[in-house]
Amino acid sequence: MLKYIFRRVLSLIPVLIGVTFIVFSLLYLTPGDPARMVLGDQATEEAVQQFRVKEGLDDPFIVQFVRYVGKAAFKGDIGRSYVTKRPVSDEILSAFPSTIKLAAFSVIIAICLGIPFGIISAIKQYSLFDSITMFFALVGLSMPVFWLGLLLILLFSVRLGWFPSSGFDTFSAMVLPSVALSAQVIAIVTRMTRSSMLEVIRSDYIRTARAKGQTEGKVIWRHALGNALIPIVTIVGLQFGHLLGGAILTESIFSIPGVGRLMVEAIKMRDYPLVQGGVLYVAVAFSIVNLLVDLLYAFVDPRIKAQYR
Amino acid sequence: MSTQTVQKRRSGIMEVWHRLKKSPMAVVGLILIAVLFIMAIFANVIAPFTYSKQNLMHAFESPSSAYIFGTDEFGRDIFSRIVYGARISLQVGFIAVGISMFIGGFLGAVAGYYGGKIDNTLMRVMDILLSIPSILLAIAIAASLGPGLFNLMIAVGISAIPNYARIVRGSVLSIRGQEFVEAAKAVGSSDLRIIFKHIIPNCLAPIIVQATLGVATAILTAAGLSFIGLGIQPPIPEWGAMLSGGRSYIRDYPYMTLFPGLAIMITILALNFVGDGLRDALDPKLKR
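The listed protein sequences derive, respectively, from chains A and B.
Residue 300 in the working numbering sits at position 300 of the first sequence, and the numbers go up by one each step.
Residue 223 in the working numbering sits at position 223 of the second sequence, and the numbers go up by one each step.
These are calculated hints, taken from the structure and not from any lab test.
Check the hints yourself; a few may be wrong.
With a straight-line Cα cutoff of 27 angstroms, these simulated DSS-like cross-link-like pairs (lysine-lysine) come out [as the list claims (entries may be wrong)]: (1) B:LYS22 with A:LYS124; (2) B:LYS185 with B:LYS197; (3) A:LYS75 with A:LYS54; (4) A:LYS85 with A:LYS54; (5) A:LYS54 with A:LYS3; (6) A:LYS124 with B:LYS21.
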């Protein structure tokens, strides 16, 4: 198991270098002078030139790239924000708690609603309950999160005054963004649970379990769900990984100081070190969640556990 | 020989259409999409006003018989803007998917067909792209290309390339070893001919499903980019940009955010209906 984890972490290195390269190229091709953007229109030509030299912006692409990777790999230094002058890692770390809370709440809501609804839909396939659930799942999938967020603000914050419309400090402030963000995840989990359960329910061992007189509850929860869990775990993990990358739109609507908003601001301000660091963080977070999901398989499915040696 | 295959394929399409017709959701979706296309094509006939006509005397008017969806802060008719907006959204959705399908499909086909080193390299690059969330990738590309309709299409299109590459590669891998491909090789067909004439037509089903759902995702991503100010610039009536504009007035004029959002949702829902219907209709497991 340890060896497997080590191998996976090692395989992360080329991915991270690749991600850095892609972002570096994108930023390099971006028109507009970051020095001018950061210093403002009033800055003198000299100050701009000084900034360019200091940040090494005049060096050739490959020199800048190698220098960045070297510093990041050997000193753990991913630079300082052009705008706030704080280390990029500090900026990301201070935005991280909001993002992880938002992601965790949304995924928890999605698990609590999506899995039961998906199971019932599968058991009662083609029933009225199934049709209604599937219709709403599709609506949830089609709802732009920024629109749902605005509607929630309109109803629960402007009209009813139950929850604040922005911020993320108190529990009540977390409700609306988590609900808005979870809608799509609920839909995805419900649909995945249903289709995965449908495939399992028709298999022979379920018939066997029923034939030997197992109670229906145990057949569904132990025999069927246990075997249908792998795709569900995968999709939940995938969603969680994506949300850790910052729910950019949700964070922007509810003014949550998370990683997503940090990134958008950084991109708009041409704050290159912050964009670089942010994308690296996102890639690392996503890969770690993927690794955890793969490890979780071992607990869900003993057959897979046997392969991790 | 060749006439036979043509006939066979046509009957295949009819068969899928026959099964698609049976799903009420898919039919509703198709009708809605047809309505959207009509709206987009005949926007100048349907819309009572132009999308940019300002009339400050009539700013912030609630929905009425003259302005059925109300007017915005410049007194522009929201209904007209939504009708013209269909043009933008459909263009972005279909062209962006065209870009990602063409490039991604080509890369996937090459990777799957040749295998080995080419496959490994291409798929590693795709994995790297996949480890960046597509909306973030789209934002970064949109920011580096600058605002504008065309750039938006490219940004959204590029960000979805890995998905198509993966799907096509998977299908190609499953088809590559089959007899008819070997037969084509034995007759001396070139690689390109085999890929385009024999392999791609045989893995169209998953691509079509992915493309239909992909148009929905592309429209949603584009609207999201415009919402945060990285997409289409005013006065062009993009639905996401309209939502973002109405956001400041949500307290007093909620209808300004209601209708553009509804337009986005109905469009996405219709595409999802059709995509789901197609998936079931094309699924060989469900064939009776």
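So, going through the hints one by one against the coordinates:
Pair hint LYS22 (chain B) plus LYS124 (chain A) holds up; C-alpha atoms about 21 angstroms apart against a cutoff of 27 angstroms. In summary, the hint linking LYS185 (chain B) to LYS197 (chain B) is supported, as the alpha carbons are separated by about 12 angstroms, within the 27 angstroms threshold. At roughly 19 angstroms between alpha-carbon atoms, LYS75 (chain A) and LYS54 (chain A) fall within 27 angstroms of each other, so this suggested pair holds. Of the supplied pair hints, the one linking LYS85 (chain A) and LYS54 (chain A) holds, its CA atoms being roughly 13 angstroms apart against a limit of 27 angstroms.
The straight-line distance between the Cα atoms of LYS54 (chain A) and LYS3 (chain A) is roughly 43 angstroms, outside the 27 angstroms bound, and the hint therefore fails. For the hint linking LYS124 (chain A) to LYS21 (chain B), the alpha-carbon distance of about 24 angstroms falls within 27 angstroms, and the restraint holds.
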